[in-house]
Each structure stands twice: as C-alpha cells, then as structure tokens.
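A.B. asks: So you can see what is in the structure, the chains are spelled out below.
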Amino acid sequence: MSYLHSIFVAPFADMADAPDFFLQVVWEGLVSGVLYALIALGFVLIYKSSRIFNFAQGIMVVFAALTLVGLHENGVPALLAVPLTLLVMFVLAVGIERAVLRPLVNQPDIILFMATIGITLFLIGLGETIFGGANKVMITEQLGIPTGSWVVEPFGGFVSVEQKDVTAVVGAVLLVIALLVFLNKSKMGRAIRALGDDHQAALSVGISLSTIWVLVWFISGIIALATGIVWGARAGVSFALEVIALKALPVLMLGGLESVTGAIVGGLAIGILEKVFEIYWGQPLLGGNTEAWFAYMLALLVLLVRPQGLFGEKIIERV
Amino acid sequence: MKMTFKTALLSTILAAGLAMPAFAQEVLKLPNMSYRTGPFAATGTPHMNGQRDYMTMLNERDGGIGGVRVAFDECETGYNTEKGVECYEKSKAEGALVTQPWSTGITLQVLPRTNVDAIPMYAPGYGFSAMQDGKTFKWAFNPPTSYWDGASMIMNAISDGDLANLKGKKVAFLHLDHPYGKEPLPLLEKLAADHGFELLPIPVGLSEMQNQSAQWLQIRRERPDFVVMWGWGAMNAGAITEAVKTRYPMDQFVSVWWGAHEPDLKLVGEEGKGYRALSWNFADPNAKLMQDVKKHVVDAGKSQLNQGAGEFESTPYQRGILMSVILAEAVKAAQEHAGTKMINREQLRWGLENVKLDEATLEELGATGMMAPFSMSCSNHTGHAGAWMVEWDGTKFNKVSDLLSADRAVIDPLVEKAAADYAAANQPWQMNEECTQ
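Going down the list, the protein sequences come from chains A and B.
Residues 1 to 319 (UniProt numbering) are what the first sequence spells out, left to right.
Residues 1 to 437 (UniProt numbering) are what the second sequence spells out, left to right.
Note that these hints are calculated values from the structure, not bench results.
Yeah, the Cβ is synthetic: ideal placement off N, Cα and C, and Gly gets one too.
A portion of the hints provided could be inaccurate.
Unchecked claim - Derived EDC-like pairs: lysine to aspartate or glutamate, alpha-carbon spacing no greater than 20 Å straight-line:
id	chain 1	residue 1	chain 2	residue 2
1	B	83	A	128
2	B	396	B	284
3	B	332	B	60
4	B	302	B	73
5	B	302	A	128
6	B	302	B	60
Said to hold, decoys possible - Partial pick of chain B residues on the chain A-facing surface, computed with a CB cut under 7 Å:
id	residue
7	36
8	38
9	177
10	202
11	205
12	206
13	210
14	217
15	218
16	237
As the list claims (entries may be wrong) - Far from chain B, by Cβ distances over 10 Å, these chain A residues were calculated:
id	residue
17	2
18	150
19	181
20	204
21	212
Bound conformation, chain B alone:
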C-alpha cells in the first residue's frame, strides 16, 4: 500500500512537472528592466508603473492580448549597465519575446547581443538614435521618436523654426555624463557648425546630480542664450532648482521629454513658470484609455502608483502607458499576421516593423491627442512621431506648440553614417538583407 501511495505521489509530481512547461507557455512574456531603486528611481518609477498598468489593464479587461495573458515581469537594474546585462541574459533564458533595456547604456551593451540572439529590443524614446536604420539594426526599435529627432525639434523650436536665427548665439547643453546624455552631441555639433552658433557642452556627473552649483556657476559666467537639458533622475530636479537659484530666465531653459516631469517642477512651483520641455506625449487623465486603466487597474487596487502624489495625472506615468500601448499594438499586429496567438520573437519583430498607430487607431484605443500618429517599417524602426513643447505654468504643463517635426534632411545622413560605422566596428554584423525599402 505504501509503495502504491509513493508511486501515485511520484506520478502526480511527474505529471505536474511535465504539464508545467505547457501551462507556462500560455502567456506572452514581455518583461521589463526596471529601476525602482537608486538615484534614477524618481523618474524611472512612474514610467514603469505606467508600462505595467497598461499590460495589467489588458489582462483584466481583455484577458490579455488576443486572449493570451501578458507576463510583464520586472528585473531591477538600478540603472546599472552590468545588472542590465544580467537581466537580459536571465530574460533570454526564460524565453522572453522582447527585451526592454530602459537605459541607453544598457541598450548599447545588449544591442550586439540582440542581433546575434535574434531578440527584438524595444527602447521607446531612448537608446541609440541610429537604431532608426532598420536595415542595419534588424532587431532594435526606438519608436516613437529618437534623441536626434528630439534634439532637432528642440533646436527648431528655440530658433523659431529657422536655425539661422541662432547664428552668433550660445547654447549650453547641460547633460548627464553618461551615454544617454552624450547621445545628441553628434547632431548638435553638426547643427552648431552648419548654423554658426556656439555649443557649450556642460556635463553633470552622477555624484553631482544634486549639487550642480559648479555647472550653474558656469552658466552664470558664460551667459548662454539657451540651456538645453538632457537630464535624468535626480539631475533634472537639481538643475531646475539651481536654475531658479541662479535666476536663469526660465523661458530660455528647455528639456528633452524626460524633463516634462511634474514632481521635479513641483519642487520650485511658481518659480518654474516658463520652463519648457519637448514631449512626445501629452497627459490626458480623462482620455478613454486612461479611464479604462483607472477602472480596471487603479481603482481595483492593482497598481503600484502613488495616488496621493497625483501620479495618475502625470506626464511620465502616461508616457509609460503609451510605451506599453505601442508594444501591445506590435503584438496584435504579429498575432494577426502570423495567424497564431502565441507568437515567437521573429513574429514580434515583424509586428514591431508593422506598427501603424494612425489617428483612427489612436481613437479606437481611446488615446486621441495623447501622442502623435506614426508608423514603422522594415527600414524605419523609429517612426518619427512628432512632439509638442509643453510649458510649466506653476502648477501643471500646458501644450504651447503645434506638433513639431525633426529635420530629416540633416538627421538621415547622420543616421546612415552612424549605422554603417557601427556595423563596420561590430563585424560580423547581420544586416536585414530582406528589407528593400
């Protein structure tokens, strides 16, 4: 009898073990690298909350994507590149369909690996700008707009649409001394050379993010006509408070989209009036999309967001939502094209290349006005959605420009050269020969 019981128990365990992989496969593994700890957590957390909450909403409202639930596991990197590489290897071993590196430094580290491992890399609004070139970077995507696009749009905006207006002027480029912060430099240097303005790069080290008095003393001494900020984490809050302290004119202080971050501006409140940031998304808590997230996730107690601090209404949280919207649309496209709900990595790559977020789709999603329409293709892995200038009025950001667009005539040749240089430096490099566009 004892033997029978033991045999039965063993059989059950074995059967369960055999059944587990089949059961585990019934989810779409779309993990995220997060940094909810460390000096960059302040900006990372609301984005990651938004990304997670949209996927949770799809699971709760629709039963996932195409009826398959999404497993949106997080791997904490603390914005540390080495940890990011570990997270990449871990998620690869676990059968992730995509890698979301969430740092330009990590993106650059795992970029060559994704090309060999054939894993789509999804870096929405960050990463290496040349990833736009889908023929070279078959597996890497950085929609809806790249850092070079962003830098171009900012320069167009501060020059009132004509870069010739900047001739003889001085533009300080206050940036994190990190691959992310240096990313727009090639474009800015070219624009400075072409249009005769002085570019003054001012790096901010990690240990100086909250003590930028030296950088702002330099700004006081040099008196630039504009300060363009490429900051992240605690650096943005540090810069904004120093700008107020230095009495730098706020209407001459412009940031890339990560600086459209309400908690940073709340530190200075009214004194930050006039500060602008370029943003590819615009927060609309009343949009149908956001109301669905509220109903199915936030009110249901399934979100990690900080309700008391107004995170739901904030730009970064809603940007995180849109990041997941783009990825989910890629999954949908892949499922429809492949004729299967359980897609693989190659099929997701096809889906990303065929994302078409036009006005009609945005309306259907309930996200009209939250971001600009865009689409990707095999040769264009960025999409080049436009962006808006948003301005801080003391309590909130307001849209103060029409939809801006980047100067393709300047950026595309730079992208082509950077992509070719990258491929040459990383031989043997697998190109996408099938892409003939």
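Next comes chain A alone, as it looks inside the complex:
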C-alpha cells in the first residue's frame, strides 16, 4: 500500500508542496527539450530531403562548436568567427556531397547510413587532430550572450533562470520559425520538401539533387552550430557533446523521422517528462539516473500505438 502511495500520491503531493521547485524542474526540462529538439531537427532535415539517417549530426555539433572556439582562440574576433565557422560548415557540406553522397546515389538506405558513420569517424579524427581533446570554454560573453541569472519568487519560493538558457530558448524558437518559413515559403524550401516526398518526381521537374543535398547539409551545419553554442555555454565544448546527440534518437522515434513539428514536440515532451519523472519518481523510487532510459521507454510506448511516431507519415506500400 505504501509503495502504491509513493507512486500515485507522494509525487503529486511533493509537486503541490513545493510548486516553485516543480516550476524549476519544468523549466530545466524545457531547456533540455529545446536542445534535444534542435539536434533532432538536424536529423529530420536531412532525412526529409534524402531519406538518409545522418548519424554524423552529433559530431557535427561538436565540430561546429570546436571550430568556433578554435578560431577565436587563434585571434579571430567572436563575431567574425561565427560566419567563418558557417563557411567551414558549408565547405563540409559540399565536401560530403561530392565525396560521399554523390558516388552513393541510388544505393540502399543502409549504405548511406553506414556512410554517415564513416563521416562521424572522420570528423572525430579531424577534430581531435586540429583541436585536441581538451574541454574548451564556449565564447559565450564574446558572442554577446548574457551570462547572469534572474530569480523569480513564485509561491514564496524561488525559480532561478539562467539568462543564457533564456537566450537558447529564444534563439531556438527564432531558428525554428526561420526554418519553417524557409521550408514552406521559399522556392528552395519547397524543393527540399518535394525531394522528400518523391525523389523521381522532383528530379523530373528539374530539381537538382546535388544542390539540395548541399543545402540541407549546410542548414544542418547551421543548426549544429546553434546547438553547439547553447550546449557548450552550459558545460563547455568537448567531444562529450556528441553523446548528448544520442538523445535525439528517442525524440525522432517519438515525433517521427520526417516531421519538423514532431522533432519540436518530441524534443520538448521528452525534455520535460524525463526531468519530471527523474525528480519525482526516478530518484525517490529507482535510485536515479532514469534519464538514461526513460526517453527510450516513452518512445517505445508510442511506437506500440503509432509505429510512424506521433507526427510521422504513415507509409502504405502495395506489394
């Protein structure tokens, strides 16, 4: 009976007893969720246009952040280092299209997936060679990102809000809006969507496969840089950031591989729910560290009901 109480009653009583703490938990979950969503967006974009599951998205986050910090360490002003990093990501996109994707056109999906694992290993080696393995400090202040914090005092308690987290959330929202406008309103954006819907039809109306691939890999590079800046501002820039990118996998399972909306909703849902579960059920009842598996369990439950994810397309194949 007491066990049932600790599952079904005590957590909610805790939330009611300390609502300010509950708000803090939700805020922290929201920030994590926004960052998961950003990483997932990079995956979705490439999958939408080329049906490639880009395993290299995580290392792209690391590589972009290390390039930015590395350029600054070598005397490049922060605001100039950003466009230069974007230029590096563009060159990387062109290089990947030319050296990896183009020779593999029409190969099975699994071959392209394996190729992205190869890109991952290449970028790890290249990043290590150029930047070393040490943890680096993100140039947060130099980029004009505020580093203080606000303390709000609801319900007689307090909620601490880091200004850089607020910047991350606002920045992510603006990035997503820009991405949605680009995908829905611009000619190139519509071309990306067309390519995702039907390769053959898109090619038949003159859409250039190579141009679109360069474009989506470059946009993923932009998203990777944004993600690298905000994650790096929280705990430094190191190759450990790549591990966080694995959190995008359950987000994609939950939201659907080809849905921008799914990536956002999935990211936010997993970010908030895993944090609330960890604090109110995981730590008191299961010894903690439930964040390592909670997201996968949640995604698995969703897959049982909707195999295509919450916002994925239901594909019917006639045989």
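Got chain A; can you put chain B on it based on the hints?
C.D. replies: The following block gives chain B in isolation, referenced to the frame of chain A:
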C-alpha cells in the same frame, strides 16, 4: 648474374628479417592504453601526455632506463572496456612488460587475465581498491593510493578529522554511473552506518554528463551538507558549472583527485572559489624534474601537450609525469635486482613490489613536494601515500591541508574481505604463496 643478384637480395632480406627480432628486443615495452578521443578525452589527454613525456625525457636525457630505451606505445580505447580488452591482448602478443588499463572498467575486465598471463598490471591511483592485497592480487598494483584511501581521506577532511562530527548530516555522493564511480561506495556505506550520517548516492549517466540539471535539482531539494564528487571526463566540468548555477556552497563541494583539473575550473573561474579536491600530487612547474621535462621534451618539440592552454603547469599533466616516475622506478629496481637491463615481466613485478619512493629518492629525482613518499611490498600493492586538499582560488589550486592519511583500521578489513570474495568468485585463483608478510 640475375640469379646471383636475386640470391643476394633474398639473403639480405632474410638476414634483415632474422636480425629484426634481436633488434626489436632492445627496448623496454611499457605500453599505455589511452583515450585521447571521446567524452573522457578532456581528462585523459593531459594525463597521457604527462606519462608519455616523462618516458620521452628518460629516452632523451638518459638513453632510456638503465641505458635501454623505452617503447611507450599507446593503444586508443576511447574509455571503452571492449576496446581495452583488445588493446590488452594486442600488447600481450607484442611482448609488453606491463599493462596500464587506464579505466576501472577495463581494469576489472583484464584483472583475471593478468593473473593467468602473468603480466604486471599498473593502475596508478585508480582501479579496484582491493588490489592493495598483494597476496591475492600478485600481478596488480594501484599505487600511490587507492579509491578507498581517497574516500577515507575526504571524509576525514570534511569532518575535521573526527567522523563523529558528521553524525546526523547528509553527504551526497555524486558519481559517474560506471564501475569507477561506484568503487568507493562500500567504504562510504560502512562509514555512514558506523558514524550515523546519511549517504545519498547520486549517479550521473554517460549521456547526462553535460546535462546534470536533474542531479543538481536533487541536490537543491535534499540540501546535503557536503557533495563528494567521483567524476571523470566531461562530468566534472558539468558538475562544477551546475554547482555554480545552483549556488551550492563551493566550500562544501569536494572531489577525488581527478577533479583537481584546472581546465574544468577555468570554465567557472572566480565563481568556483572555495571548491576543493583531494590530490595525491601537487603541481610544481619549477621542480627540477619538470624543468628536465621542459628542456628535453617540451622545448625540443617532442611533446603533444597544449602549451597555450597552460597544460605544462597543470595538475593532471604533472600527475601523468609522476605515474611514469613510479613505473620507471620499478623498472630501475628490477634491473638492479635482476642484474640485467632487459628485464622480463616477473622481474618487473618484483620491481613494482620494491618501489621505494622516499624523500631522498624524490629529491634525487627533482620531485620534492610533488607527491608524498611511499613504498610497496609483496603484501601492499598500493603504498598508501597520503594526499593533500587543494582549493581553487579563482585562478589556480593551492594546497590547503597537511598531508592527509586514510583510516587503515577501517579500510584494511574491507580490503581483506573484498580480496577473499574476489578470489573465491574467480576460482581457480593463483595466490602469491611466497608472500609471508
């Protein structure tokens, strides 16, 4: 004529081939398992640079150890246990004199193999604490101090030398959810039970190392009197930044030696003031030992260290140097005892058991004050050198305690039991019957 030429060429190749093994034997193979890639590279790299640079210095300054050059090859594991086992098998096949597993997970995996393969395992400052028992773990060494020693010293320090002062208090144990992070738990649980303080273990998963908000929310809710950190790699930097964000009092936040890592503290700078770590080494870039490394290796362009980031002056780099110092002293002892420069594994094992790093030896090496003196024996494979508390002042670590020592009366019975349990669970287990100490 053609045949003559071919015959001559073939003879040359054959002769060279036959000569190769003899030539290849003229080095002391002391390989290291490294992780310069992956999420733990940030802490691994400076240690491995230090280890490598000391061996390079010996090669450059003295022509090796006892006149025989050291081959200090690295095998990259990425802190991955499976890769570590592969590296172990590879180095064994290549005739390595020692295995340096560089991860508690890998240590636990290869520990039974080293006992069968008769290869000394050298795990300085890490690994399974019960390896202290040299009668049971004939081939395993973890000098100069073990994790249980470290946990004991930390608890002594935060209780002002009397664990009774912790009665009724709450101590959070923030640790990597990995064999390394869990290693001190048996000792801490015993101390909590004996002295009436509450131990709150808080695990940090690999994927949460840079996103520890949940763990620090728990700390905010539970309000522990102390947070003891057993972190590694990106986890330490993540914890320190979260501690600052949570406004946890830095003077109540203490780490094991891996947390005495300047690059992690530079992330928070002034806001990290008061943070302490237990460290068995203290950085002294002006020590004669370090100046020799600078002259023969760093300035000669033979080091991989990151000069611009102040790595030479850092605690982890100099800890890596000292790790190789201990191993080199074991080789020297073995060479002198065996009367040969080209020692074998058994002779190196003897050398490790007879390392005596007293004040005079440390002074001779030019390392006075960089670590505490210690010695090992056939029954004591740890040495139990003491350690100091170092405190971050916003820009660097300062020594803020006298030399601390672990509570042997509590640890030794635990070691004896853990070693006996291990041997019983891994039968048939070869004990060191010759050790009568």
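A.B. asks: Decide, hint by hint, whether the structure agrees.
C.D. replies: Hint check results:
The suggested pairing of residue 83 (chain B) with residue 128 (chain A) holds, with an alpha-carbon distance near 19 Å, which does not exceed 20 Å. Straight-line distance between C-alpha atoms of residue 396 (chain B) and residue 284 (chain B) comes to about 12 Å, which keeps the hinted pair within the 20 Å bound. Straight-line distance between C-alpha atoms of residue 332 (chain B) and residue 60 (chain B) comes to about 17 Å, which keeps the hinted pair within the 20 Å bound. Pair hint residue 302 (chain B) plus residue 73 (chain B) holds up; C-alpha atoms about 14 Å apart against a cutoff of 20 Å.
The straight-line distance between the Cα atoms of residue 302 (chain B) and residue 128 (chain A) is roughly 18 Å, inside the 20 Å bound, and the hint therefore holds. Of the pairs offered as hints, the one joining residue 302 (chain B) and residue 60 (chain B) holds, with about 10 Å between alpha carbons and a cut-off of 20 Å not exceeded. For residue 36 (chain B), the interface hint holds, the least distance from its beta-carbon to any beta-carbon of chain A being 5 Å, beneath 7 Å. Proximity of residue 38 (chain B) to chain A holds as hinted, the smallest CB-CB distance being about 6 Å (cut-off 7 Å).
At about 5 Å, the closest approach between the beta carbon of residue 177 (chain B) and any beta carbon in chain A falls short of 7 Å, and the interface hint on this residue holds. Checking residue 202 (chain B) against chain A: minimum C-beta separation of about 6 Å stays under 7 Å; hint holds. The interface hint given for residue 205 (chain B) is met, as the beta carbon of that residue sits about 4 Å from the closest beta carbon of chain A, less than 7 Å. Satisfaction of the interface hint for residue 206 (chain B) is found here, the shortest Cβ-Cβ separation to chain A being roughly 6 Å, below the 7 Å cut-off.
Contact between residue 210 (chain B) and chain A, as hinted, is supported at the beta carbon level, the nearest pair being about 4 Å apart and thus within 7 Å. A distance limit of 7 Å between C-beta atoms decides the matter here; for residue 217 (chain B) the minimum to chain A is near 6 Å, and the interface restraint holds. Hint on residue 218 (chain B) holds. Least Cβ distance to chain A is approximately 5 Å, under the 7 Å limit. Taken as an interface hint, residue 237 (chain B) checks out: its beta carbon lies about 5 Å from the nearest beta carbon of chain A, inside 7 Å.
Against chain B, the non-interface label of residue 2 (chain A) holds: every CB pair exceeds 10 Å, the least being about 20 Å. The beta carbon of residue 150 (chain A) sits about 12 Å from the closest Cβ of chain B, which is more than 10 Å, so the claim that it is off the interface holds. For residue 181 (chain A), the condition that its CB be more than 10 Å from all CB atoms of chain B holds, with the nearest at approximately 30 Å. Taking the minimum C-beta to C-beta distance to chain B, about 43 Å, the non-interface status of residue 204 (chain A) holds against the 10 Å cut.
For residue 212 (chain A), the condition that its CB be more than 10 Å from all CB atoms of chain B holds, with the nearest at approximately 32 Å.
Of the hints listed earlier, there is not a single one the structure fails to meet.
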